[in-house]
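If you read the sequences in order, they're chains A and B.
Under this note's numbering, the first sequence has 222 at position 222, and the numbering climbs by one with no breaks.
Under this note's numbering, the second sequence has 83 at position 83, and the numbering climbs by one with no breaks.
To be clear, the hints were calculated from the coordinates, so they are not data collected in a lab.
This structure is a prediction, so every number in the text was calculated from the model and none was measured.
Please note: incorrect hints may appear among the correct ones.
Derived lysine to aspartate or glutamate pairs resembling EDC-like cross-links, with alpha carbons at most 20 Å apart [stated by the list, open to error]:
hint: 1; chain 1: B; residue 1: Lys78; chain 2: A; residue 2: Asp39
hint: 2; chain 1: B; residue 1: Lys38; chain 2: A; residue 2: Glu58
hint: 3; chain 1: B; residue 1: Lys58; chain 2: A; residue 2: Glu24
hint: 4; chain 1: B; residue 1: Lys78; chain 2: B; residue 2: Glu60
hint: 5; chain 1: B; residue 1: Lys36; chain 2: A; residue 2: Glu58
hint: 6; chain 1: B; residue 1: Lys84; chain 2: B; residue 2: Glu68
hint: 7; chain 1: B; residue 1: Lys78; chain 2: A; residue 2: Glu25
hint: 8; chain 1: B; residue 1: Lys78; chain 2: A; residue 2: Glu24
hint: 9; chain 1: B; residue 1: Lys58; chain 2: A; residue 2: Glu25
hint: 10; chain 1: B; residue 1: Lys38; chain 2: A; residue 2: Asp39
hint: 11; chain 1: B; residue 1: Lys78; chain 2: B; residue 2: Asp62
hint: 12; chain 1: B; residue 1: Lys58; chain 2: A; residue 2: Glu82
hint: 13; chain 1: B; residue 1: Lys38; chain 2: A; residue 2: Glu25
hint: 14; chain 1: B; residue 1: Lys84; chain 2: B; residue 2: Glu60
hint: 15; chain 1: A; residue 1: Lys67; chain 2: A; residue 2: Glu54
hint: 16; chain 1: B; residue 1: Lys58; chain 2: A; residue 2: Asp81
hint: 17; chain 1: B; residue 1: Lys58; chain 2: B; residue 2: Glu89
hint: 18; chain 1: A; residue 1: Lys67; chain 2: A; residue 2: Asp12
hint: 19; chain 1: B; residue 1: Lys78; chain 2: A; residue 2: Asp12
hint: 20; chain 1: B; residue 1: Lys84; chain 2: B; residue 2: Asp73
hint: 21; chain 1: B; residue 1: Lys58; chain 2: B; residue 2: Glu68
hint: 22; chain 1: A; residue 1: Lys17; chain 2: A; residue 2: Glu49
hint: 23; chain 1: A; residue 1: Lys85; chain 2: B; residue 2: Asp62
hint: 24; chain 1: B; residue 1: Lys36; chain 2: A; residue 2: Asp39
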Amino acid sequence: MTITASQLFAIDDQLRKVNLLTNEELILELTDHFSEGIDIRMNTGLEFETALVEMQMEFGGRQGLQKMERQYNCVTFRHYDEVWKGYLRDKLRGTNRWKFALMYAGFFVTLLLFDRPTQFTFSALPNFLPSLISGFVGGILLGMPFWGYMWRTLRSGIHNPPTEYLFLTSRYVPMSLMLLGIGVLLAYSAPFWPPYLYEALLALIPAGFVLLTQSYHQMQELLFDIR
Amino acid sequence: MNNPPNAQLLKGSLSVMILRLLEDRERMYGYEITQKVKQLTAGEMAITEGALYPALHKLEADGLLTTETQVVDGRARKYYSLTKAGHTEAATRLADLSAFLQNLNAVLNLKPSLS
Numbered sequence: 001m002t003i004t005a006s007q008l009f010a011i012d013d014q015l016r017k018v019n020l021l022t023n024e025e026l027i028l029e030l031t032d033h034f035s036e037g038i039d040i041r042m043n044t045g046l047e048f049e050t051a052l053v054e055m056q057m058e059f060g061g062r063q064g065l066q067k068m069e070r071q072y073n074c075v076t077f078r079h080y081d082e083v084w085k086g087y088l089r090d091k092l093r094g095t096n097r098w099k100f101a102l103m104y105a106g107f108f109v110t111l112l113l114f115d116r117p118t119q120f121t122f123s124a125l126p127n128f129l130p131s132l133i134s135g136f137v138g139g140i141l142l143g144m145p146f147w148g149y150m151w152r153t154l155r156s157g158i159h160n161p162p163t164e165y166l167f168l169t170s171r172y173v174p175m176s177l178m179l180l181g182i183g184v185l186l187a188y189s190a191p192f193w194p195p196y197l198y199e200a201l202l203a204l205i206p207a208g209f210v211l212l213t214q215s216y217h218q219m220q221e222l223l224f225d226i227r
Numbered sequence: 001m002n003n004p005p006n007a008q009l010l011k012g013s014l015s016v017m018i019l020r021l022l023e024d025r026e027r028m029y030g031y032e033i034t035q036k037v038k039q040l041t042a043g044e045m046a047i048t049e050g051a052l053y054p055a056l057h058k059l060e061a062d063g064l065l066t067t068e069t070q071v072v073d074g075r076a077r078k079y080y081s082l083t084k085a086g087h088t089e090a091a092t093r094l095a096d097l098s099a100f101l102q103n104l105n106a107v108l109n110l111k112p113s114l115s
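In isolation and in its complexed conformation, chain A is listed as follows (with noise of 0.2 Å):
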């Protein structure tokens, strides 16, 4: 007996929708070695029904399923981690160091252009104008993950967030908060600062923001291509 199509579709949805599994790459497998045993089990005369809760159990349960996803995205995310590293290696060698120090250099230009206060006061830092700039742009920065989240989590139901986006979210996010904080840290503690290396240090943080999402970008064709 071969399992048909559309108990194939029983299968995939039994996964994704009652198991709320996410992982393509698993469950296709999954989808194979369940469609395996309900076709053994369908031969000793088992209705599909009861050879898929049968199969269901031998995993564990839904619990069962969702920590050996947990498991495995481990493995999936250290791999992915090792790629994103790459990328932002290869952003610091080769001609894409000068371009990077180019960058920099403009950063720790348009630093020193602007006075730092002399006085460490929490009125006199930071003022409306750039505290309104730097939060349309953190913002901007922060919250772009999670549109293409969003919009993947709404086309694949609000219970089932793909795991690719899962990766980026929690790798994307504390690295622009640890950024972010790095930059706050800065700005209060200015008027402690030697001249310059006050500037050479805070013009890091917006060099860093852009290595950063152009990184994250590379990753997220990378991610939303093999599929």
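Assemble chain B onto chain A, guided by the hints.
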């Protein structure tokens, strides 16, 4: 592993078992591996399906396994086979496990009078 008394004992041996099975056969897929273990041990040992796929994925990420996907009966089937590094690693891990089992056996077979 499904069998509770074996569960802890087998936990660390899963990857060695996978490598050994693939050394014997050119390529295998997930379900086939679970069935082969059951068949070889006459049902005494059973690989937990939930542990198998993350283990296979890890071995693949470590460069010990390579995969090939084929369409079988209208669905995708992922076949695993050993890479060159996988063959070397399989031999090393098997030798390590054999030495460990020999030592364990020596300790377990101690006569009470000797202790």
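Against the structure, the hints come out as follows:
For the suggested pair Lys78 of chain B and Asp39 of chain A, the alpha carbons sit about 18 Å apart, so the restraint of at most 20 Å is met. Simply put, Lys38 of chain B and Glu58 of chain A have alpha-carbon atoms about 14 Å apart, close enough for the 20 Å limit, and the pair holds. Under the criterion of a C-alpha separation no larger than 20 Å, the hint pairing Lys58 of chain B with Glu24 of chain A is consistent with the structure, at around 16 Å. This hinted pair checks out: Lys78 of chain B and Glu60 of chain B have alpha carbons roughly 12 Å apart, not beyond 20 Å.
A distance of roughly 16 Å separates the Cα atoms of Lys36 of chain B and Glu58 of chain A; the hinted pair therefore holds under the 20 Å criterion. Distance check on the hinted pair: Lys84 of chain B and Glu68 of chain B sit about 16 Å apart at the alpha-carbon level, within 20 Å; holds. A hinted pair counts as satisfied when its Cα atoms are at most 20 Å apart, and Lys78 of chain B with Glu25 of chain A qualifies at roughly 10 Å. Between Lys78 of chain B and Glu24 of chain A the alpha-carbon distance is near 13 Å, which keeps this suggested pair within the 20 Å criterion.
For the suggested pair Lys58 of chain B and Glu25 of chain A, the alpha carbons sit about 13 Å apart, so the restraint of at most 20 Å is met. At roughly 18 Å between alpha-carbon atoms, Lys38 of chain B and Asp39 of chain A fall within 20 Å of each other, so this suggested pair holds. Restraint check for Lys78 of chain B and Asp62 of chain B: the C-alpha separation of about 17 Å stays at or below 20 Å, so the hint holds. The hinted pair formed by Lys58 of chain B and Glu82 of chain A meets the criterion: a straight-line CA distance of about 14 Å does not exceed 20 Å.
As the CA atoms of Lys38 of chain B and Glu25 of chain A are separated by approximately 25 Å, the hinted pair breaks the 20 Å bound. For the proposed pair Lys84 of chain B and Glu60 of chain B, the alpha carbon gap of about 12 Å is at most 20 Å, so the pair holds. Note on Lys67 of chain A and Glu54 of chain A: the hinted pairing holds, with a Cα-Cα distance of about 18 Å set against a maximum of 20 Å. Distance restraint check for Lys58 of chain B and Asp81 of chain A: the Cα-Cα separation of roughly 14 Å lies within the 20 Å cut-off, and the hinted pair is therefore satisfied.
A C-alpha spacing of about 14 Å is found between Lys58 of chain B and Glu89 of chain B, which places the hinted pair at or below 20 Å, so the restraint holds. Straight-line distance between C-alpha atoms of Lys67 of chain A and Asp12 of chain A comes to about 18 Å, which keeps the hinted pair within the 20 Å bound. Using a Cα cut-off of 20 Å, the hinted pair Lys78 of chain B and Asp12 of chain A holds, with the two alpha carbons roughly 16 Å apart. For a cut-off of 20 Å, the pair hint linking Lys84 of chain B to Asp73 of chain B is broken: about 30 Å separates their Cα positions.
Taking the CA atoms of Lys58 of chain B and Glu68 of chain B, the gap is about 16 Å. The hint holds against a cut of 20 Å. Distance restraint check for Lys17 of chain A and Glu49 of chain A: the Cα-Cα separation of roughly 16 Å lies within the 20 Å cut-off, and the hinted pair is therefore satisfied. Proposed proximity of Lys85 of chain A and Asp62 of chain B is supported: the alpha carbons are some 17 Å apart, at most 20 Å. Using a Cα cut-off of 20 Å, the hinted pair Lys36 of chain B and Asp39 of chain A holds, with the two alpha carbons roughly 17 Å apart.
Of the numbered hints given earlier, the model fails hints 13 and 20; all others are met.
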